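Protein chains in written order, with our numbering: chain A, 1 to 334; chain B, 1 to 164.
If you're looking for bench data, these hints aren't it; they were derived computationally from the structure. Computed from a prediction, not measured in an experiment: that's the story for all the values here. Warning: the hint list may mix true and false statements.
To be verified - Partner residues are not named here, just some residues of chain B that face chain A (Cβ under 8 Å, in silico): (1) Glu23; (2) Met47; (3) Gly48; (4) Thr54; (5) Arg60; (6) Leu66; (7) Asp71; (8) Gln93; (9) Val97.
Heads up, the beta-carbon is just placed ideally off N, CA and C, and yes, glycines get one too.
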Amino acid sequence: MRAFAYASPRSLDEAIALLDGAGDGHAGGTRLLAGGTDLLTLMQADLIAPERLVDIKRLAELDDRIEDGAEGLTIGALATLAELEEDPFVQSRYPILAEAAGLAATPQLRNMATLGGNLLQRPRCWYFRDSRVHCWLKGGDLCYARGGENQHHALFDVSPCVAVHPSDPAVALLALDARVRLRGPSGEREISLGSFFAPPEDGRRKETTQADNEVIVAVRIPPRHADARGVYLKAMERKAWAFALVSVAAVLRLEAGRIAEVSVALGGVAPAPWHARDAEQVLVGAESSADLFARAADAALTGAGALAKNGYKLPLAKALLRRALADLTGQPVD
Amino acid sequence: MAANGFQPVTLTVNGSDYPIMVEPRRTLVDALRHDLALTGTKKVCAMGDCGACTVIVDGRAMYSCLLLAVDCAGRAITTIEGLAHGNNLSPLQEAFVASDGFQCGFCTSGQIMSLHALLQAHPHPSDEEIARAVTGNICRCGAYANIVKAGREAAEAMARQQEA
């Protein structure tokens with residue numbers, strides 16, 4: 001790991017001022033340090049070489065509180081995945097989020113990794129993670145996964161990059177219509193998770209729309225009907241300590257046998273967590289049945305296409321979604 | 001603001017304070033091994049993939065390869081050296097010997113620290129909880145079955161101790 005300076009500012013504004021004009025920390029620049037589980041691996045692999053790390057764990061303005069209130073559930077950016085997984089209120093009211101946090105990484109990483117950092121982690125694509133490969137996402141000309149080893153890669157071709165977003169909680173939070181509170185030099189703004197994430201594009205080769213001098217302060221889940229239920233299902237190559245091949249988060253409320261509201265998000269299929277609006281349109285207002293779920297699963301993958309080596313993800317995603325919907329509506333899994 | 005170069009930090013490891021000078025890039029595992037000569041904590045991947053470097057920080061198992069030493073000031077760190085009392089191994093260490101919970105031994109201190117953290121927080125774990133506690137510790141010899149058995153036997157031994 002290359003040498004860097006370590007700063008412990010006394011206020012969040014001071015930390016943000018250090019970010020101002022410092023670039024994105026790829027070569028030189030400043031990066032924020034919270035849990036460090038992704039940042040230090042990027043630095044160990046020499047993918048980034050910031051000149052300065054700014055410790056934000058001890059700032060009074062940032063916290064790890066998980067609080068329910070009139071505005072819904074607010075989760076401080078410093079809450080660890082372990083705290084999310086173990087929080088009794090999250091377990092009882094948002095089991096989908098506790099499940100997603102608990103299925104991520106390992107106990108040690110969950111004890112270290114913060115929710116803010118989890119949303120900001122970079123993809124696991126082996127070309128991206130190899131410092132010898134100057135891929136498009138790192139400022140190069142080519143995405144080597146497109147014509148290469150792409151068995152873990154995206155089904156939705158929405159960016160020059162076909163890496164998939166690695167977060168589990170992000171998929172559950174997208175299905176929960178979560179919002180991200182960001183603080184920058186001119187104050188705070190709150191945006192939907194759906195607009196916080198965006199497939200990388202020319203001029204913004206990263207997975208979020210967060211400005212380089214903004215800090216995630218909190219994530220908020222707006223209040224929802226008490227009868228809504230959610231589930232997070234994750235397909236992995238092994239039973240633990242693996243990133244999702246495909247994951248499904250679904251939140252659904254039944255009213256007199258009909259689906260009154262539904263939200264579906266997919267992980268492992270795109271460079272950003274994927275909001276499956278087409279599936280929601282098929283489902284909402286309809287009476288639950290295996291046939292309906294099959295049509296919703298087909299709709300969820302509208303526009304998806306396999307690369308040479310990831311075709312297995314199409315039936316996998318559909319099967320996971322059918323299973324999630326059956327689970328939430330008490331239908332038998334066919 | 002901190003400048004490049006060395007800076008002072010006091011690490012609190014196994015109840016003792018160790019004032020040292022480190023570069024900010026010094027990871028906790030390197031500080032433990034090289035600055036404190038506590039070589040029971042092993043460094044293998046240095047990327048948070050294998051778990052060999054697991055230590056307990058403020059009661060939680062963590063990868064010491066992904067923590068900066070400068071970031072650990074004021075935090076209570078427990079390493080494998082902190083478990084035995086003199087020549088008396090802890091019940092968990094005894095259980096690893098009795099259950100044949102290791103072969104080459106390189107992952108062992110990490111496995112033990114993960115299970116120690118579990119048993120401190122949940123003295124009566126289920127088999128599933130024991131297996132889950134070591135999902136972040138890879139054993140390339142494949143001693144997993146006996147590692148979980150050691151966790152089970154340690155939990156039982158600790159329960160017996162409590163009754164006595």
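Hint-by-hint comparison with the structure:
For Glu23(B), the shortest C-beta to C-beta distance to chain A is roughly 6 Å, which falls under 8 Å, so the interface hint holds. With 8 Å as the threshold, the beta carbon of Met47(B) comes within range of chain A, its nearest partner Cβ sitting at about 5 Å, so the hint holds. Hint status for Gly48(B) relative to chain A: holds, with the closest Cβ pair at about 6 Å, below 8 Å. Checking Thr54(B) against chain A: minimum C-beta separation of about 6 Å stays under 8 Å; hint holds.
Because the smallest distance between the Cβ of Arg60(B) and any Cβ of chain A comes to about 4 Å, under 8 Å, the interface hint for this residue holds. The criterion of a C-beta within 8 Å of any C-beta in chain A is met by Leu66(B), whose closest approach is roughly 5 Å, and the hint holds. The restraint placing Asp71(B) at the interface with chain A holds, with a minimum CB-CB distance near 6 Å, inside the 8 Å limit. For Gln93(B), the interface hint is violated, the least distance from its beta-carbon to any beta-carbon of chain A being 20 Å, above 8 Å.
About 24 Å separates the beta-carbon of Val97(B) from the nearest beta-carbon of chain A, more than 8 Å, and the hint is not met.
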